[in-house]
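Colleague: Join the two chains into one complex using the hints; note that each chain is given alone, in its own frame.
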Amino acid sequence: MYGYLIRRLLQFAVVLLLGSIAVWGFTFALPGDPATVLLGPDASEAELAATRDRLGLSGSIVEQYVSWIGHAVAGDLGSSYYSGRPVVSELLDRIPATVQLAGFAMALTLLIAVPVGIAVALWPHSVVGRALQGYLTAGLAVPAFWLGLLLIIVLAVQLRWLPASSDFVPLWRDPGGALTATILPASAIAVHTSSVTARFLATSLGEVMGKDYIRTARAKGVPEREVIRRHALRNASLPTVTIVGLQLGGFLGGTVVIEAVFNYPGLGRLLYTAIGERDYSLVQGGVLFVVAAFLLLNLLVDVFYAVLDPRIRLT
Amino acid sequence: MTLSPIQSRLIARRTLLRTGFLAAGALAGAPLLSACGSDSGESGGGTAGKITLGTTKIMQFDPYLTNTDIHIHSFYTYLIDYPSDGTYKPNPAGAEKWEFASDHKSVTITLREAKYHSGAPVTAGDVVTGVKRAQDPDAGFTLAQPTSFIDSATAVDDRTVRLNFKQPTPEPLVLDWMFAFPLVTAAGNTPAKLEHEPAGSGPFRLAEFQRNQRLVLKKNPDFYDAGKPFLDEVEYRFFTDEDALVAALESGSVDGAAYIAFRHADRLRDRFSLVEGNGRMSLFFMNALIPPFDNKLLRQALARAIDRERILKQVNFGIGDPVYTAFMPSSPAFDPAYLGSHGFDLDAAAALLEQSGGARKAVAGVTSGTPSVSTLEIIQADLKKIGFELEIAPQEEAAYLEALFASKLQCTVAAQPNNMQSPSLVARGRQMLTTKANTTFGDKVPPAYVEAVDAAASAITPEEQKTAYAALNTILVEEAWAIGITTMPSLFALDKRITGLVTDVRDYVNLTETKG
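Sequence order for the protein chains is A and B. In short: position in the first sequence from 1, add 704, done, that's the numbering used here. In short: position in the second sequence from 1, add 1270, done, that's the numbering used here.
If you're looking for bench data, these hints aren't it; they were derived computationally from the structure. Treat each hint with caution, since some may be false.
[As the list claims (entries may be wrong)] Stretch by stretch, here's where chain A covers chain B in the computed footprint (C-beta under 8 angstroms, at least three residues):
1. 1366-1378
2. 1387-1397
3. 1459-1471
4. 1521-1532
5. 1707-1715
[As the list claims (entries may be wrong)] Here are some of the chain A residues that sit facing chain B, going by a computed Cβ distance under 7 angstroms:
6. L942
7. N967
8. R973
9. T977
10. R982
Where a beta carbon is used, it is the ideal one built from N, C-alpha and C, also for glycine.
This is chain B alone, in the form it adopts within the complex (with noise of 0.2 angstroms):
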């Protein structure tokens, strides 16, 4: 199915089709219903230290695993802190101190005295095993590859653990590591037991959990940073569709409205405080074991014909800045001459594209609904006019990821997360791992790229780390699978008297110091 820019934009048609009905309707549907109309005693609360917030994502317990953002750290003690403005300061959290070998092959990390919700000490026995299971790729997940450089963890006493590093190690990578290791019980800490409950120390308890209805949080008497958290309830409501949860928000059925689309920022920007969280990033992503984009020559014309600008107006409404590669603007990495010596030209892209000599017809698989469609639209566009016909095939969630991660797909736009200050983390996506479980190149990853991703990983001084950062930069230049578009901050509306509801750099919502 093609879609084309005109489907897009019969959205808005139908919004002011909405809109213009607005009268009629108040006028022949109010009479009919006001003896019903009362104060729907739904206001979601917002008073009293409780805040209901709205959400259309799927949840479960476990922190190794991804599509948690937005509860999991209301649940988990963290190693470390980072600020969240998007730096990268270390605060203590779940340990109080840690102290770096003057050899870079090791770290010794205290442990806060903490309990768990279950009343259980913290130990850094509870450390020594995630670490374990952190470095089983078959059940670390999301952490494996960012544990990929301990060589072991020991437990000193009840408090401290010592990790021991395979090589000199970055501090900056170690930090990012703590920041991203959550302190779960040893004895709960499988993926069947977290399935469904939760297993930490965090800020708030579990209280009620009625899948794809309600979650239902209690503040953690007992959490570390006493005082806090300020809130003695939170609730969560969920969502099958985004507009119905608007809806609610501006009803007045919940206080908070998370992870919205950038659509609504406009018209809700008055009447709610709008938070944009630290957010992810949109890449367009190639697939090298597929023609057309098993030729190189192919993969960086197209990288010439994405128009950030225009991506970031229309599609991201002014929200966000645009990305080359995969790093943020707050990554070491990130490195803006790029967006200049790369950026969008189709003289160039024409170019590349005839000297590639590639077939010129692909299909871009994409969820449907989502603004990835958007954005490929504005790709699609300008590739027709170099004469490179981009099908877009919109697909359910289930479907997507499953031709996704069975590379089944030419190409895509997909979200990737942020690398925090560890450009090695690059290589955690399946689409840019360093072995051959890489669905872009297989067994064909360019060592190069190996090279590089090793090289950012045990950099330690300031100039070795500006060398190695440079030349990783250069080899996702040349190779052009994962052509960065913009950042995609994630966006809460939110009743104006609550305030303090932050993401992390990881963009996971933290709601330690919000208010209602």
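So here's chain A without its partners, still in its complex pose (with noise of 0.2 angstroms):
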């Protein structure tokens, strides 16, 4: 186990290594001046030239990442060009928001995923059954942002209940102000990525339920609700698992759109905005932050693969 997860870890640092340097080449592949977009239009060749300087980007691409990855193995990720504030700082504001997002979108997801994909497994003919396959059909088809305007215009426009723009109000400070200012975002999510899991755990709830250790323990007399709680629903959570850990992972970096649409203050937004400017320091940092996350979700869907199902070790 110990060995699995050093080998995994040594991985990350090069999965790391390489995303950053292919980060590093898209973004200055990128068309843009980013002394331009801080000075604006009237700013004259000499200035542009001096904020270059000041900003480190008058070497050569190489030099400069020789630079950036040799003050970032120091725990160094560079300053952003436009606030002047250590990259390291900047997400540090924003993850929380993030992470908080993300909490709440995964809560919602599972809390319709898991019914939902539960009642079209054991119950797939019947109208409810053909109802909640409808409802996943059209969370796979309607895009998130699409349904983010949506409950904009209905819940915050037109009947006022919630907020249009979404501040980040910490979950610990102001528990109902955080559910207040996150809940539309997070449904926007969770309809898409509630389908995706329920769809998942319903195929593979179905296939199990048609297994021989189920009918063993429904002959034994295990009453039909332990049936699918311990046997079942168990066995066939492995493939949800890992689609959560992904969405997960996803939510992290992937909710740009979102941020943008309901003005909500993450790590999406911030990331959006960064490459708009090409602030290549914060870009870099930002993405480094991404992968890690996801890289370290995974490795949680692995070890959580073991205490899912003993048979699986990790070697």
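Modeller: Here it is as structure tokens:
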């Protein structure tokens, strides 16, 4: 187990290094000049050049990357070109907001997906089952940003029940405020992801329900509820755990559009703005965090496999 | 990538779809979330002297730079003010009084007794330092060309400064300069220091700034105009998406939305106060350094193919006025006759195009998602009728600016600032410079244009001015590289409780007399 973890952590380092090189290359391939964005259209060539010097943009791409990675290894991800603040501070300001949104969205996803997935698997031909299958199809078809706009128009603009733009209200300070501020973006995300998760769960649960050991459990007189909970659901949840892990990783860096639609001050919006402004240091630091978080979640999913299924050994 | 008018209609189609699903959304979504329904408690204020304004603009604190329109007037006092109605009657502000020498070769300015936000007094030395920075093209940015008439600045005493001019200079040019000249502490007047913190004496002080999230201003109790500003606090919230900004306004999350697109005007008109600022102009620029626009006749041909009325109706939603050269209707050089004599005429355009013998194909660069794209689509459709193929290539803003400054764009539609009451200020923009830094002509700036700008900058008497401005218009029309399209007033939608929000003639927001 420990050997496995150490190997995976070493793989992390390699993936992070390759990822940082790729992001650096892609970012510099984009046309656009950070100094121009910073100083505005009337800045002179001399001042643009001075600003490029100050931002460390005068050397070649390779020189800049080597300098950056050298500092990054020591924990210094540089400073944002525009705010002047350390990239680490910028990220630490936004990560709690993104984690909270991801947490809310995942909680909603599971709250919807588990009962819906079970119902669809157990009663596929009933009226409820068919209605829920309709929900799953609609949930997959509707883009999250479109649903977000719809929720804003109805619940924020028309009914004025919830705010259209979402501030970050820390859950530990004001749980009610946090729920109010986060429920709309979390719902917009969760409708789509719950449909995916529920489909996976329904499919694997449907397969498991036909297995011999389920028939055996029933023959032994185990109550149906226990058959589902202890025997079927536990075995059927392995692929679902995989998809939940991937979704959670995606939430950390991939809710850019939702954060823009709801003006939510999370990591996605920070990265989106940084890319538009060619704030290379911030883009690089942000992407590294997202990649690291994604890898870590995958590792946790692997570990969770072993917990769910004792036959799986991490070696 | 070529965009067709159909693509822009798709946006309206999306809006229809969105609206059409409102009822369904209400039925399906409301029960789901009704348990969470409550007063969001995020009305954004609007009471107790505080307002919250939403904006999509990027900000920094250096008044010598652009992209500061929305907040810079709150932090700095300028030497004089102009009324917000677009006229040019000078009102004392940072300067208490000023006196021009009879030979028009100097002005003596007496500063008002005032304090910076730091508590330091405003002194003549600050003006001298500011003039020196403005005179340096490498540090002065927007003020460099307007300051070029000044030979030297001398502090006569702590509150008196004398400006000596290089030559007899018309008063309107000096007043326009005074209007645009901010009072900044001498110690803090560098680009590096002003990047993150203002150093002015304006009506509001900086209380909090989280880049791309919020900017909070607090009333400056030491502001020279006693009792003003009326507001205790102003909060700006930043939005990356304009539709999100407008939704926030409609839901009450913010009290006002600043610099929004014209397309929102009709929908918001009934529920909010719409304020039209003085705005800028949109111009069609053709790059004389790149074929086919090195052909003057071809440029003149395309200049006749711009349907301003249609652009006003379809892009500006009826807001704004047509312009022909780079002068707003309030400019003394504005000559509406050109709109008739050189206005939209496809037959004339076709004839000139034929006569030019130039290639009939070009690519227009433009920032994606802006009204300029729609403007170009209209021009594109009309040019197609006369056999000229205009491809539209929308780009992200950073990429667009880089290409524009590097003179790599064949043509574009871009905004130009108001040249106020000094037509010579037309030569501020990169495409309009009289030097070889001009991105349209390089080292081949037409000498007649340089002479016309110089003449406009030195015309003292009304007769001289009339002649000089006419000559400037003539050369602009003849060379036809910067074709005026329409004025682009800025648009603000405000909660009806908010009054007194105006923009000055440069289109900078002035909150001094705003009440919430």
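Colleague: Next step is simple, just say for each hint if it's right about the structure.
Modeller: Status of the hints after comparison with the structure:
1. 1366-1378: This one is violated; 0 residues, fewer than the three required, reach chain A with a Cβ under 8 angstroms.
2. 1387-1397: Check failed, 0 qualifying residues.
3. 1459-1471: As far as the stretch 1459-1471 of chain B goes, the hint holds, because 4 residues have Cβ atoms under 8 angstroms from chain A.
4. 1521-1532: holds (count 4)
5. 1707-1715: Answer violated; 1 residues pass the 8 angstroms Cβ test.
6. L942: 30 angstroms, violated
7. N967: 5 angstroms, holds
8. R973: A/R973 check passes; min Cβ-Cβ to chain B is 6 angstroms, inside 7 angstroms.
9. T977: Interface hint status for A/T977: holds (5 angstroms vs cutoff 7 angstroms).
10. R982: Interface hint status for A/R982: holds (5 angstroms vs cutoff 7 angstroms).
When held up to the earlier numbered hints, the structure conflicts with 1, 2, 5 and 6 and fits the remainder.
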